[in-house]
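Input sequences plus hints: build the corresponding full structure.
So our numbering is basically just the index in the sequence shown, starting at one, shifted up by 6.
It should be emphasised that the hints constitute simulated quantities derived from the structure, not laboratory data.
Derived EDC-like pairs (lysine to aspartate or glutamate); straight-line CA-CA distance at most 20 Å:
#1 LYS96 / GLU109
#2 LYS160 / GLU64
#3 LYS96 / GLU117
#4 LYS123 / GLU92
#5 LYS116 / GLU101
All values derive from a computational prediction rather than experimental measurement.
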Amino acid sequence: MAATFFNLTAPLQKQSASFQGLRPLKPTDSLFSTLKSTGSRAHVKVSRPARFGGVKAELNPSLVISLSTGLSLFLGRFVFLNFQRENVAKQGLPEQNGQTHFEAGDVRAKEYVGLLKSNDPAGFNIVDVLAWGSIGHIVAYYILATASNGYDPKGV
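The following block contains the structure:
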């Protein structure tokens with residue numbers, strides 16, 4: 007037994023649902039007549055927002071995330087890459103009893119070279135892209151979160 011909830015053969019009726027925005031209550035509105043008939047003393051006061059003469063800018067999330075990630079990748083590739091490579095080379099491979107894990111017989115401890123291979127002249131690889139890209143995203147989400155939480159440093 008199948009229940010039919012919709013009649014698909016009937017022509018679709020066009021419904022004009024629109025949002026008119028916030029406006030003052032009129033005597034013809036249903037809420038106005040409900041308030042009047044219940045004898046409620048509720049008064050509806052409609053005020054216009056104060057105009058400050060300035061323009062309030064809203065941040066576009068796509069633009070903020072793209073610019074922050076792009077800047078982070080640029081800084082990672084052209085500014086911090088040599089610093090990061092020098093620190094990794096200074097640190098060296100992990101050791102146990104004076105031997106690296108590979109020298110001690112662990113054949114799985116050898117670094118997989120294919121993952122870190124790139125055609126970039128400086129050697130910026132997929133691991134660097136993922137690391138610096140995630141840093142860029144973190145910075146972008148911080149910017150968006152602090153810009154939209156209503157905090158006004160001037161209104162203390």
